[in-house]
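Trainee: Counting from 1 along the sequence shown, just add 3 to a position and that's the residue number in this note's numbering.
Treat each hint with caution, since some may be false.
Straight-line distance between alpha carbons at most 30 Å, and here's what the computed DSS-like set of lysine-lysine pairs gives [what the hints assert, rightly or not]:
hint, residue 1, residue 2
1, Lys59, Lys115
2, Lys106, Lys57
3, Lys59, Lys106
No lab work stands behind these hints, which were simulated from the structure alone.
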Amino acid sequence: MFFLAHPSTLDEALANRHSIILMQSSPNRATRTFMDYDSISQAMDGICGLYERKLKEINPTVQNITYDISDLYNFIDGLADLSALIFDHAIHAYLPYDRMWIKNRMFHHLKKLASH
4 MFFLAHPSTL DEALANRHSI ILMQSSPNRA TRTFMDYDSI SQAMDGICGL
54 YERKLKEINP TVQNITYDIS DLYNFIDGLA DLSALIFDHA IHAYLPYDRM
104 WIKNRMFHHL KKLASH
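Let the sequences and hints guide you as you build the complete structure.
Mentor: Structure representation (structure tokens):
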């Protein structure tokens with residue numbers, strides 16, 4: 004017999020879940036790509052990194068680029084497609100999540116980072 008540990012917080016429950024981000028940046032199907040991460044938190048950092056690289060491409064002479072969550076949401080909404088596949092240890096399979104879920108997780112992720 005074995006016992007499953009029940010994490011005390013949502014963050015602990017989501018911490019160690021392999022995450023695959025599926026992205027299509029434009030209507031052109033050739034822009035489809037994926038990125039995989041060891042955790043949801045790393046996936047959210049990866050999406051932020053994509054946005055920050057885009058900002059640097061657009062503003063190559065600006066030293067310190069700042070943005071807020073609404074700017075990040077606009078970037079996410081401007082992608083032709085964005086979704087996530089998150090591994091669920093209980094069923095040993097990946098579960099699909101949509102753009103709204105990603106934006107919700109992003110909000111909680113950035114809020115947690117800001118509180119540290």
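Trainee: Look at each hint and say if it fits the structure.
Mentor: To see whether the hints hold, each was checked on the structure:
1. Lys59 to Lys115: Given that 30 Å is the threshold and the Cα spacing comes to 25 Å, the pair holds.
2. Lys106 to Lys57: holds (18 Å)
3. Lys59 to Lys106: The hint holds at about 22 Å.
Of the numbered hints stated above, none is contradicted by the structure.
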